[in-house]
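Student: Take a look at the letters that make up each chain.
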Amino acid sequence: MKKVLVVTLVVLMVVSMLVSCSQPASPPSEEPKAPTEDTKAPEQEKEPEEQGEEGKAWKIAVMPKLIGIPYFNASEKGALQAGKDMGLDVQYVGPTNADATEQVKMIEDLINQGIDALCVAPNDPAALSPVLKKAKDAGIVVLDWDTPANPEDVVYSINQVDQQEYAQLYFDKAVELAGKDDFKYAILTGGLNAANLNGWIDAGLEYAKEKYPNLQLVTERVPTDESQQLAYQKTLELIAAYPDLEVILGYSTPTPLGAAKAVREKNLIDSIIVVGSTTPNDSVEYLDDGSLDLGFLWDPSKLGYLAVFAAKEVLEGRELSDGQEVPNVGKISVDGKIVIMGPPSVWTKENVRDYDF
Amino acid sequence: MVEKLIHNIQRNLQLYLLLAILLVLFIVMSVLSPSKFFTPNNISSMMFQMAELGVLSIGMSIVILTGGINLALSHSSMLAAILGTLVMQAMVAAGLNPLLTILVGSVVIIATSLILGAVNGFFIAHVGVLPMLVTLGTRSVFEGIGLNITKGSAISGYPAEFDFIGNGVFMGIPFPFLIYIIVIIVSILLIQRTSWGISVYMIGGNIKATELSGINTKKVLMGVYMMCGILCGIAGIIMASRYSSARTDYGSTYVMQAVTATVLGGADINGGEGTIIGTVIGVAILQVISSGLNILGVNRNLVDIIIGAILIAVLSIRFFTKFERRIKKSENPV
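Chains A and B supply the protein sequences, listed in that same order. According to the numbering used here, the first sequence is numbered sequentially starting from 1. According to the numbering used here, the second sequence is numbered sequentially starting from 1.
Extracted from the complex, chain B is given alone in its bound form (with noise of 0.2 Å):
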């Protein structure tokens, strides 16, 4: 009882942790450039952009719990997207209704994503190659692919209305942040609140012993590749309206923001330990630090230098406090 309140403390010690560090970053920017960082429209465009990493790295992180990653993110996101595209060329083409149109081009995008996502985890789950090499290799297959269909370039052709899912604002809030909202909750149900999600991070801490307590690790691990699979379509609809066009490798960089963010936000890259909150706490931060130092006008070189920095302060931080409970627990074996 003792021993899970203290890990509770713990625990919560690491988000209230980064929350701090969000809160102070906030306020620093806010006082370095009070007439253009702490406005409504920063505010809201750093809505706007931290949506498609947000969701992204929500992915990443449910991939890391178990101990994967998933090198093939962004082009899981940009090949669903060139198909969703073309489906959509053709539909505005043949003068079909435009909200059907969105709907149908969203669902082939979400589908397909879900397809790839499936096609990492049969790798992953049951063929049993490490997730970094298969990732890499679809990565490859995937921006290959996109690339035949479009040879390289940009295409788009929506119809108007698709423009509001990416760069729309309902009731005051960036569209593409209500999704993005939307995806938290359910993900923090899905992971947080369900045996599933329990198994989630049993195979991140050890597969084979997770296996031999009666749980289908296999049909776990295929779960958690298409549900980050699905993440990716989602991120996929939002930028193709973002940028108002598909093309392979829009969002490429978002790959290892997406393992920054989640691993900024406490969870660990060997699996079992992090939350999806940490993860949303980690984006938040990267947003501010981004927007903030442009703001400023400093050189972008710098602006990874200090991610990367306050990336390397945080872990080992963390790295001491555990280091501590372990010497505490050490001490009184009983």
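Just chain A, with the same shape it has in the complex (with noise of 0.2 Å):
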């Protein structure tokens, strides 16, 4: 009597649980699809006409590598306030964590939902090629950011700079805050396993090999997990094994702070120079007192809206264009299906107050 008794409640209390934790979601999910389904015939018949300027309720989902991360959630920002600002329903939903198999599946998840466009951060573009392909056939608009997916797969490819311009721009730096091209250096990274951080080192040590050919790596990429506390040890070891280091490149935004606690830790901060993609927010105290010599990124809250822009522009039938202004993002290029944002922010302890993120 005493088990049913304890049965029934259990049972009882995961239901309420359950009801109780998605019913806050759950209705912003399901009220807009009315207007949504209902809007969606009339408009393809009108869209000659009126070019859909005071916009539909499409709905669009926004999926990031992981959720959760600081320059994530800035992006998760700006893709809310587009659809805020363009009457959109927007999702941010992602997986918690890095892994290509956990966003097939979300992405098979928002197919049987019935979404109107994606734009997706691939943890890996290969992976996702075959879900991507499926969302295509049940008419969803297929958009990458942040990260490319395969071309074929997309409309549009949203990036944040062009890759060559930031590839060079970690040595073009470092070269001029050095005041010379015969220095020795390292490479932190975020993981090995990580495409772009990858591309951007290998077209740069390409660059280098040519713009500054007396340039020495100290020893191969170092990988720290995206951790920040990783990039702090593995610049420490660095500079035991290498005393005549002069130059550390953090790629991925945990490490070139890491790596400018241990610098300064060390009291090295006149004669290492690091520079790397950081956060502004993050990096304010390291650039303050020189540990941190340079940082850059662009700002991913723009990112994220731009990509809910262009998902739009597609899903009302209008083409992005080289050189269109895009509201609260600026000036985009825009080459076939690749569409770049700008160029990247550069901070230094002169302006980085400016930035907020």
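In case anyone wonders, no lab produced these hints; they're calculated from the structure. Careful: at least some of the hints might be erroneous.
[Stated by the list, open to error] What follows is a set of in silico ranges between Cβ atoms, one per label pair, in the way DEER data are often shown:
{"id": "1", "chain 1": "B", "residue 1": "Val31", "chain 2": "A", "residue 2": "Ala138", "range": "21 to 27 Å"}
{"id": "2", "chain 1": "B", "residue 1": "Gly214", "chain 2": "A", "residue 2": "Ala241", "range": "54 to 60 Å"}
{"id": "3", "chain 1": "A", "residue 1": "Ala195", "chain 2": "B", "residue 2": "Ala118", "range": "32 to 38 Å"}
{"id": "4", "chain 1": "B", "residue 1": "Val141", "chain 2": "A", "residue 2": "Glu220", "range": "15 to 21 Å"}
[To be verified] No more than 16 Å apart at the CA atoms, straight line, and that leaves these computed lysine to aspartate or glutamate pairs for EDC-like:
{"id": "5", "chain 1": "A", "residue 1": "Lys133", "chain 2": "B", "residue 2": "Asp163"}
{"id": "6", "chain 1": "B", "residue 1": "Lys322", "chain 2": "B", "residue 2": "Glu273"}
{"id": "7", "chain 1": "A", "residue 1": "Lys134", "chain 2": "B", "residue 2": "Asp163"}
{"id": "8", "chain 1": "B", "residue 1": "Lys151", "chain 2": "A", "residue 2": "Glu220"}
{"id": "9", "chain 1": "A", "residue 1": "Lys266", "chain 2": "A", "residue 2": "Glu237"}
{"id": "10", "chain 1": "A", "residue 1": "Lys331", "chain 2": "A", "residue 2": "Glu319"}
{"id": "11", "chain 1": "B", "residue 1": "Lys151", "chain 2": "A", "residue 2": "Asp202"}
{"id": "12", "chain 1": "A", "residue 1": "Lys349", "chain 2": "A", "residue 2": "Asp282"}
{"id": "13", "chain 1": "A", "residue 1": "Lys331", "chain 2": "A", "residue 2": "Asp162"}
{"id": "14", "chain 1": "A", "residue 1": "Lys337", "chain 2": "A", "residue 2": "Glu313"}
{"id": "15", "chain 1": "A", "residue 1": "Lys337", "chain 2": "A", "residue 2": "Asp162"}
{"id": "16", "chain 1": "A", "residue 1": "Lys266", "chain 2": "A", "residue 2": "Glu246"}
Note that this is a predicted model, so its numbers are computed, not measured. Just so it is clear, CB atoms sit at the ideal spot from N, CA and C, and this is done for glycine as well.
Put the two chains together into one complex; each comes in its own frame, and the hints tell you how they fit.
Tutor: Have a look at this one:
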């Protein structure tokens, strides 16, 4: 008797938990559905005469590589803001780990949920290719952002910066700061698996070989698991192993901070230059004392905004054009499927407080 | 006799409880999003998604039955799949028959993962290192080898027919799900219907006593980790086909999900207790929650919280029902 009672109680508990947990989230995803489906048909008929300026409540899903890290939290802000500004039903969903297989499952579920457009930052282009084809077959407009998917799977590929330009920026800035082009340097990277980081590093090394042939890379790129703590430890090891190290290039946002911390601790602020991709809010304290010499990145919230904007344009039958002025983002450049948001922002001690993310 | 009957009911009660939870969750999800959850499309994609985690979870379950754990689960799968992919790439380039290519590739994948399983088994059974430490080590080793071969990116290049294994539908049922069903049946037969299976449970209960009762525990443990290896290989084939590529970190989140499904399914993490069918229901519960909440558009962090909460609720229930049984026993010592 007692057992039955216990079982009933648990079942009730689980059910009530589920209902209460999913209730707040379900209305926003359910309610706008009606206008979407109601307006879609007339919209397509009317399309030629009114180019949908007043905006339809399109359902757009934006999927980052993972949720819960500052970078993708910032882009979430931008994506949701775009939804608000343009009257779209934007949902920002992604796995809690940067795992391509999780993304595949979530996209399958999104297809079943019924969305109009998907902007995805794939953890792996190859793994997502079959499911993106499935999405396309289901009539969903597919774009990539932040990290490219296979070009044939997407309508547009939203890039932060010109990859080549960004790769060269590292070396140009380092040479400029060092005032010479024959220094010894090391490369810290987020992970050996990350395609975009590898792309920048490879392109940069290629560029350095031609433009600055006297630079000496002391060791292979050092992986840090996207962790500031590990970047700090690896930098201490690098400093111990190569006492004449002069420059550290940090790829992936936590790495320059970890490197700067190590440099500060070893009192090498004047002899070691640290530059790399980092977010301004996190780098203020390191820029202030000079342990970090220069940080650069793009604004991830603008990137999220641009992704949603581009999806809406495609849904309403318009094309993006080179030099187009996007509200809240700025001038974009477009070359075929490749959309580039703009040049990277560079921050120093002087201007870092002008940014907020 | 009566004892046995009570025990049977007790054991089945756990299963009924799980089935009830699964059913309730299914109904709740169907009610919350009627036009999207309870649809042929969604049911079919849930079947597709369940297969790989399901096969890996069964592998994890048999290891947990002996009181062990296999943290190298997904990395064994993927290292084997990477080697198989290389072989298939070469055979495609040589223009060999596609079906032969797939057959040879699959055999390579299963053979490799069998060997990887045997490596785990050797250090655990013969050297006597704790399973958690061994597999933590081999996890890094397998990942490192995989990274060295692939340089971190995904590799692919299969015959077009290979797609069918992970994405095909056979007689209306997703093909990977059919593979999963075969794996379930074979595993149940092996673990719950053979004397070898009984010795697996005995090792989990008390390895010293099992050894003293004349069972070659080393051999049994080797067998367990090799069987887990084969299952990793099968999951590796399904994943390589479903994602039409192989990469070291595919499915790295499955390790903890497999542990969750196993424990949810009624297994004791210390070994000696648990059923394959319990794990299968555990996997199904995770799938229904995951798909259902994704369709509702619930934040993924919240999904993790809900899965964790359900796990804790089920474990508490189990603890209290066991507790009650223990008290009753001590009340009537004879």
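Student: The structure should be examined with respect to each hint, and the outcome stated for every one.
Tutor: Results of checking the hints against the structure:
1. B:Val31 <-> A:Ala138: 21 to 27 Å: With Cβ atoms ~24 Å apart, the hint holds.
2. B:Gly214 <-> A:Ala241: 54 to 60 Å: holds, 56 Å
3. A:Ala195 <-> B:Ala118: 32 to 38 Å: Given about 34 Å between the Cβ atoms, the range holds.
4. B:Val141 <-> A:Glu220: 15 to 21 Å: holds, 19 Å
5. A:Lys133 <-> B:Asp163: holds, 13 Å
6. B:Lys322 <-> B:Glu273: holds, 13 Å
7. A:Lys134 <-> B:Asp163: Distance ~13 Å between Lys134 (chain A) and Asp163 (chain B) Cα, so the pair holds.
8. B:Lys151 <-> A:Glu220: holds, 13 Å
9. A:Lys266 <-> A:Glu237: holds, 12 Å
10. A:Lys331 <-> A:Glu319: holds, 15 Å
11. B:Lys151 <-> A:Asp202: Holds, at roughly 13 Å.
12. A:Lys349 <-> A:Asp282: holds, 12 Å
13. A:Lys331 <-> A:Asp162: holds, 14 Å
14. A:Lys337 <-> A:Glu313: Holds, at roughly 14 Å.
15. A:Lys337 <-> A:Asp162: holds, 13 Å
16. A:Lys266 <-> A:Glu246: holds, 13 Å
Of the numbered hints listed earlier, not one is contradicted by the structure.
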